[in-house]
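These protein sequences, in sequence, are chains A and B.
Mapped onto this note's numbering, the consecutive letters of the first sequence carry residue numbers 1 to 212.
Mapped onto this note's numbering, the consecutive letters of the second sequence carry residue numbers 1 to 250.
Hints in this document: simulated from the structure, not taken from any laboratory.
One thing to keep in mind: the hints can contain errors.
Said to hold, decoys possible - Result set (DSS-like, lysine-lysine): computed pairs, CA atoms no more than 25 Å apart in a straight line:
{"id": "1", "chain 1": "B", "residue 1": "Lys209", "chain 2": "B", "residue 2": "Lys112"}
{"id": "2", "chain 1": "A", "residue 1": "Lys96", "chain 2": "B", "residue 2": "Lys115"}
{"id": "3", "chain 1": "A", "residue 1": "Lys92", "chain 2": "B", "residue 2": "Lys3"}
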Amino acid sequence: MSWLTDTLTSSIGKKLLMAASGLFFCCFLVVHLIGNLTVFGGSETFNSYVDHLHSLGPLIRIAEVLMAIFAFVHVVTGLSLALDNFKARPVKYEMKKNGGGRTLGSATMPYTGLVLLLFVLVHLKGFHFADHTSRSVFDIMTGAFSDPVIVGFYVFAMAVVAVHVSHGFWSAFQTLGLNHEKYTPAIKGLSLIFSLTVGVGFGFIPVWLSFF
Amino acid sequence: MTKTINLTLKVWRQKNGNVKGRMETYEARGISTDMSFLEMIDVVNEGLILKGEDPIAFDHDCREGICGMCGAVVNGRPHGPEKGTTLCQLHMRHFDDGDEVVVEPWRSRAFKVIKDLVVDRSAFDSIIQAGGYISVNTGGAQDANAIPVPQNVAEKAMDAAECIGCGACVAACPNASAMLFVSAKVSQLALLPQGRPEAAGRVKAMVSKMDDMGFGHCGNERECEAECPKNISIVNIARMNREFIKASLK
Ligand code: FES
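Next comes chain A alone, as it looks inside the complex:
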């Protein structure tokens, strides 16, 4: 096993962990968003989607455990990288300007990441760990999104997701060694489309439901 621990504890190894877990969550976002589209079919369509999902039984458990593991890896590795990076420049510059590489996404990764961690905890508490015996998930949703503060928080969090993945998505490919003048422009374009789709797609749902 030592070759694996040697690899994963190196600076590139930690980046590989971030890239792999990050791409896993990008896939999760796609699945989650597609599922969420049933919201627009109304209460019955959505609740039937939820029931079908739950009927998968052990498969859902496995997916949840995988997500918990990847979340742990992503958060802990990310924090350790951010801490190392903070220590790597003990004396700051009097004046520092960007040369044109940095983007809003790349410059804010640790911060947007922490906001998302907070969001995920709030989201899980409000939906996953909510009392499902007396109310359907659709009712829990419309109940929550009747509060404009919660709608605002969700919309804000989805904007933060968009910013986070706008860098994270293409960056994961770079870390995995995939950068070539022939296909990197396509990955960058996909990165932009993906972040906009995720931000607008998820962000619109609470706004839409607040009208119920």
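Given chain A, put chain B with the ligand in place with the hints provided.
Just chain B with the ligand now, kept in the frame of chain A:
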């Protein structure tokens, strides 16, 4: 006719690595716009020496943009505001009369200040010693043309080999990471047949040494390639990542 300008310099002054430094203000008067940035500091230093003060220490050697010795962060940009230019090749025509110019050394835990603008870049030497070479057996040299190298591969290797090891990538990186430098060296050798036999050991040894030297981690912020005086691309970093993955599976 040469044009002259007057500038106000704010320069980092630090006697040695053990004492605290601070920004000092100097007037640079009658600077010809044909001068390089280093020649401008020469003029300021002549004035300081005449006044019996300590001249500003800075690194330099070739002064033609090929050795990698010079470098300082000028107005927040490593090697100054011009793209693909070393500090010695930065000309004063890019500044206006009355400008305030802030000059600081590379900032990184791995590059300790020795004096003023001079930093200790021996961490780069240690990384090269760890694997930035090929082993050549003694004996009769074989014919140079006996090892075919495709043109496009030779071009990529040459692009990577342009790195002069100045350290601007570390200075520019928000995380003070040395990935661009290390990846240029790894790429240059990994691309060519002569470098392949030791490629796996090399990338592992160089990355491990880089990690030991206290550099930060690459966040793919691309500030390094934006500020590199030799326009080294982060394509090299991706190549090093590939080499590293391959090497760990060997
Ligand atoms: S002094 Fe040699 S590159 Fe500037």
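So, going through the hints one by one against the coordinates:
no., hint, result
1, B:Lys209 to B:Lys112, "holds, 17 Å"
2, A:Lys96 to B:Lys115, "holds, 20 Å"
3, A:Lys92 to B:Lys3, "violated, 35 Å"
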